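*Asks:* We have chain A already, so just place chains B, C and D on it with the hints.
4 protein chains.
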Amino acid sequence: MTSGILPSTPVTPDALSDVAAFGIEVPSWAYGNSGTRFKVFTQPGGPRDPWEKIADAAQVHRYTGAAPRVSLHIPWDRVEDFGRLGAYAEDLGVRIGAINSNLFQDDDYMLGSLTHANPAIRQKAVAHHLECIEIMRATGSKDLKIWLPDGTNYAGQDSIRARQDRLAESLAAIYAELDPDHRILLEYKFFEPAFYTMDIPDWGTSLLHCLALGPQAQVVLDTGHHAPGTNIEFIVAQLLRQGRLGAFDFNSRFYADDDLIVGSADPFQLFRILFEIVSEGAHRADSGVNFMLDQCHNIEPKIQGQIRSVLNVLEALGKALLVDQRALTEAQEAGDVLGAHEMLMDAFATDVRTALADQREERALPRDPVAAFKASGYLDRVVAERVGGQQAGWGA
Amino acid sequence: MTSGILPSTPVTPDALSDVAAFGIEVPSWAYGNSGTRFKVFTQPGGPRDPWEKIADAAQVHRYTGAAPRVSLHIPWDRVEDFGRLGAYAEDLGVRIGAINSNLFQDDDYMLGSLTHANPAIRQKAVAHHLECIEIMRATGSKDLKIWLPDGTNYAGQDSIRARQDRLAESLAAIYAELDPDHRILLEYKFFEPAFYTMDIPDWGTSLLHCLALGPQAQVVLDTGHHAPGTNIEFIVAQLLRQGRLGAFDFNSRFYADDDLIVGSADPFQLFRILFEIVSEGAHRADSGVNFMLDQCHNIEPKIQGQIRSVLNVLEALGKALLVDQRALTEAQEAGDVLGAHEMLMDAFATDVRTALADQREERALPRDPVAAFKASGYLDRVVAERVGGQQAGWGA
Amino acid sequence: MTSGILPSTPVTPDALSDVAAFGIEVPSWAYGNSGTRFKVFTQPGGPRDPWEKIADAAQVHRYTGAAPRVSLHIPWDRVEDFGRLGAYAEDLGVRIGAINSNLFQDDDYMLGSLTHANPAIRQKAVAHHLECIEIMRATGSKDLKIWLPDGTNYAGQDSIRARQDRLAESLAAIYAELDPDHRILLEYKFFEPAFYTMDIPDWGTSLLHCLALGPQAQVVLDTGHHAPGTNIEFIVAQLLRQGRLGAFDFNSRFYADDDLIVGSADPFQLFRILFEIVSEGAHRADSGVNFMLDQCHNIEPKIQGQIRSVLNVLEALGKALLVDQRALTEAQEAGDVLGAHEMLMDAFATDVRTALADQREERALPRDPVAAFKASGYLDRVVAERVGGQQAGWGA
Amino acid sequence: MTSGILPSTPVTPDALSDVAAFGIEVPSWAYGNSGTRFKVFTQPGGPRDPWEKIADAAQVHRYTGAAPRVSLHIPWDRVEDFGRLGAYAEDLGVRIGAINSNLFQDDDYMLGSLTHANPAIRQKAVAHHLECIEIMRATGSKDLKIWLPDGTNYAGQDSIRARQDRLAESLAAIYAELDPDHRILLEYKFFEPAFYTMDIPDWGTSLLHCLALGPQAQVVLDTGHHAPGTNIEFIVAQLLRQGRLGAFDFNSRFYADDDLIVGSADPFQLFRILFEIVSEGAHRADSGVNFMLDQCHNIEPKIQGQIRSVLNVLEALGKALLVDQRALTEAQEAGDVLGAHEMLMDAFATDVRTALADQREERALPRDPVAAFKASGYLDRVVAERVGGQQAGWGA
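Chains as they are written, first to last, in this note's numbering: chain A, 1 to 396; chain B, 1 to 396; chain C, 1 to 396; chain D, 1 to 396.
Certain hints may be false.
[What the hints assert, rightly or not] With a straight-line Cα cutoff of 20 Å, these simulated DMTMM-like cross-link-like pairs (lysine to aspartate or glutamate) come out:
hint, chain 1, residue 1, chain 2, residue 2
1, B, K124, A, E333
2, C, K124, D, E333
3, B, K39, C, D165
4, A, K124, B, D91
5, C, K124, C, D165
[As the list claims (entries may be wrong)] Non-contacting residues of chain A with respect to chain D, defined by C-beta distances greater than 12 Å in every case (computed):
hint, residue
6, T152
7, A173
8, P180
9, A194
10, A372
[What the hints assert, rightly or not] Label pairs and their in silico Cβ distance ranges:
hint, chain 1, residue 1, chain 2, residue 2, range
11, D, V387, A, G243, 40 to 50 Å
12, B, R284, D, Q325, 20 to 30 Å
13, D, R241, C, N118, 20 to 30 Å
14, B, G377, C, N118, 18 to 28 Å
15, D, A364, C, D108, 53 to 63 Å
16, A, R363, C, P10, 21 to 31 Å
17, A, P44, D, R381, 42 to 52 Å
18, D, R381, B, G288, 49 to 59 Å
19, C, L211, D, A127, 28 to 38 Å
20, D, R381, A, E90, 53 to 63 Å
21, A, A172, D, A120, 54 to 64 Å
22, C, R78, B, G93, 49 to 59 Å
Just so you know, the hints here were simulated from the structure itself, not pulled from any lab data.
Note that this is a predicted model, so its numbers are computed, not measured.
Virtual Cβ for every residue (Gly too), placed ideally from N, Cα, C.
Here chain A stands alone, though its shape is the one from the complex (with noise of 0.2 Å):
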């Protein structure tokens, strides 16, 4: 008899097997210099084009063998030649993977991109997406993940639902021009950097639209885009259980939308997010959820952060798949409360990573990939390259 005061979770290798399988985007934005609107602290060797932020990223994937792909962000990453990108990638070991809009930062968006009253800037927030389009055919990407920075900031600046109509608009000219292998991933946020109203503020209003698009369109969850107090896991199971759950932007928040590394803050709440996905077996590649990172590293080391982002979600995890499902389904079904409470907190409090480093050494990894990328001397040898030219950042 166990009642998850004492380790009574096996952690055998295949258990974590499924750890192995998984795979982590990384957005190519986190190796550039990030900050609040108070400042940008900058970091010596920093990337200084899409090249070195591919580069980067590349490390992430050597030492964790989890990071097979990177998210590019249109314009910041725009090339001559994406073909040549992809294949410069592929050299490296890893695959381009979901292209993000911008509809942020452009002058005529101050009051709106795909949700303005004006019709001819909406326009060209439509077709900003055909072009992101066009790179996804010239990458190979099949993601086309929108983040709508839209909203207002007073009370009777503009209509809600005037906007809603305007948006899915917008929308549905876009989901007309995908592939048929082509998705849509719609993210929503609770608030910023507008700061009455979003257009997309909740989960709920990105289902809608993209129950309005059709199939190709699926939801993104970003654990940092909710209100105080919400369950996101539960948020979690019920997209799943609709089957519009896209993609996640993993970080993790004290506050707001904070962009930290995730599991840093609350890595209870990333397990019990990683529980439900794997309750639904949409840890597996052939779920359809891409699981990418989207933060920022504003005083920490970027490849590093990253890196040890990557583990997080991966002990976490491994974790998740301790548990056994129908044990724990039994309790459940016999009102057993705290048994099956503890059967959750048994696995979250075993210790997974002596057995995840064995893994990785199987695997020709190293077991310690944050020692072996420091050991590695990449970062003092692209400090001392990266001379002359511009920092990429946010804004370039």
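*Replies:* Frame of chain A, contents of chains B, C and D only:
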């Protein structure tokens, strides 16, 4: 030229004429005792049965002319002859409104009702709604209001997904029993009484269940049932756009589900909500939106508290009706951020109390309903009459 | 070289030796019935009087060796002979801890107790504390714990300032009656049962009153009594720095004052709190910090819930003790953001359950206290024995 | 007999006379460009240097008669000859107000300024304040305003306690340099730019440092710097009771530190804050409370936004002055919950705009300051004149 800094909105009787036609439904349970988990304070003269609750409720309509219906709560308001209760209400000038089911006070429901793992308990909860539907038939009520208190307190305690599936099945069984002119009004709540997951925590979940059920299922928006910072008027606009806003439970709050007098905590928010309502014409009776109060007068006099609440809603509605929608749309489309905002603020800042008192006078209602009620001696009378017996509360 | 990615903290018996000396005080009211404003569910075998509550509490100490004291709540735990109650507790291996006053259940306190506008009611509330001080003398308790539920529900209802002045005066009258080795432990709470203002809503207000009273007044930090997002460990560090952290009320929450099992909602937060405690050596008995539980086991078995809670605190303490403070300070002073963070995360990720079980075994305690308690048959026995009478709850 | 349902508060010129004497300080940085971390949108005619900022600020005073001082921010507003800048301001009818230091934009401050582990960096931050004190002497300013952006992003990154100790030492070094008629105004902020701990996150921490420093240190309350749901007027009352409310930074917010126009998000909250101020007579100049704006006009015209903000504060002040404090106290002491509440609501519901316009007219100010400013052609003129150069923003 106006800037919203000076009063610029003419407060004409015409502008406010829709207020006279507006009705708010009051809950039978607002007149009984309520409190927090720490203490229920009693008040002299409290009603002891549904008849006395309806008598109290009728006072609200008598002095405001704006509270023509009373919601019942089953089993609290169970009587032998509902036909007679309905007739009694009509004698007092009011009608029976929505029938509210109770899923939180039976010992069997400790771990859930419509979502319980045990099919026998789910069946019992479904059967309770069939009784409610019978009461609807007996009273002429058209709305079956369901607030689901189900949820879990601990991670792992039960399966989020399984509970959704069971809920869908239970709701479908209830829906199948509705008459063609009946509606299910399905409420959501962020938290309490459950503290880890609620099974219908947000408007998205409620709406998905309504969509699955069919056109006779609509969402109830209780203004106190959201995460901190949630933009409620956005949800109002979204549900109206989907044609699924069935009802409001009005109240106000500073922290959680405080159930204070509507408009007492954030009158500007109430105004913004009513503004979205008015923008779509949803304040008119044919919109099908049932505007209800759901409050707890823990420390203030209850009938007076209800009168004040009704007047607060009317006042907010009156201000919302003052907005010149055409001029506002023009400013919005021109991108005049402050100009459009100031039009809204101008209406909010305008004092409509005298005009509404004039309107009441024309309708042979007291100019000051609170003062008239206090002067009527009703409270003293019931304090004297209601001797013996047990005052009604949430438990009876 | 370590990066916190791999287990690097040796879990030696020595490192954890302070855990064996650590004691947590349990509340008498945790064994009685509790619930929400919607419903109090009862559980079979619930205690009917203070003697049975202490018997239940003694079980927690018997199986964990870490719960040597029981807090009383007056009037719920009023007995004729407190000396005999104390002796009874000692026979069962535990002692009487803090005496908690009750300012929320007398009808006179509807609008306040120590802050009431009516001096007679304030005097009554002060007098209640003099009774509590007598009970302290009779039981040998040294801590008078005051949680002030006073506040207002509506803006304007009362003067914020006047209530502070009255509170200061009332507290001074109580403080004047303390014996030299007595303490006042003054709790704060963000909201509930009042919904507009609480008269002691935050640590700052509690501390100001303590400073005005004198050195025998200390702040109580209830982990559930803060605004969303509040960094609790910062407050712990601040109160320790001021020498005014008198006690903890441990529990956990996702939303408001949910009063769940400590460590069940955010175990990492609990660890961070204990880390601040350990950093200042405040986990040792001579620090004067009284570590107490204050929870509601609404739907789970109560004694088992308490055992689990105690173990959760011990586990968090054990992990906190693993941190190499010297190495951490070095990394911090070197500005190694991720390195320092990873040292903390390494300790948190380490599974100390087996080591703590070993420690218990050495102390002749069961390795798995929950399993041992369940196997003991205690619960079946009290279910059989406690026939008739009225189960204790918050109201009795 | 009145119930607050009807207008009952006479809006006499006398009641509002204190409004005419009230002054609000405006920040030089409100006229430059601001934005979010995503984008800073520029506006035509933006000022390029401190002289132009002061010229813009003087417009606010010119049309409202209520904004007689301008806060400076160093280094953004550094000029060669501060005496000349002060004289220039006086020529335009305004004076230099508080001097704001900047601790967030130097690369050295990435991990802290006054709290940095490196004493050399702390010393640099202290020295920056000595420069500010010199500027105070040159401009006649009496207030040194310190907002500390220091904090950490990750648990373990630095010692909470050590940072408090370093902060106390740094502040003492600055305090020692003040002239006898100088004040330190010490601001607190819940979060941002740091996302795990802020070193002064709440009023309690700010007050403790002020108490340690001495009587010339006072707390700044920025209305946007609190956890969700915080009762700000309670803090106002508490700081007034302690004699330590030094200043306000007015703005408004729905979510985080949104920095919107004061009174645009929750005008009733602004009224409640002013009511606490008026209750203690703290709106009068001799109270020493410096009422300042601190806002970001990201998408709306800046000068017009400032004018509107000033008027919003005046309007709230006017309403607060209408409350009959004696009658209110009587109702409060009688325990008339709704009666007392309704007195406050009556004042809030009263439209004081016409009376305030009358008052302005008597003072030879425009009835409608926004309309008068817009009609003045000032904005067109500066758009034409301010050609070339670099518009000022947060970074310059």
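*Asks:* Hint by hint, which ones does the structure fall short of?
*Replies:* Per hint list: 3, 4, 6, 9, 11 and 12 violated.
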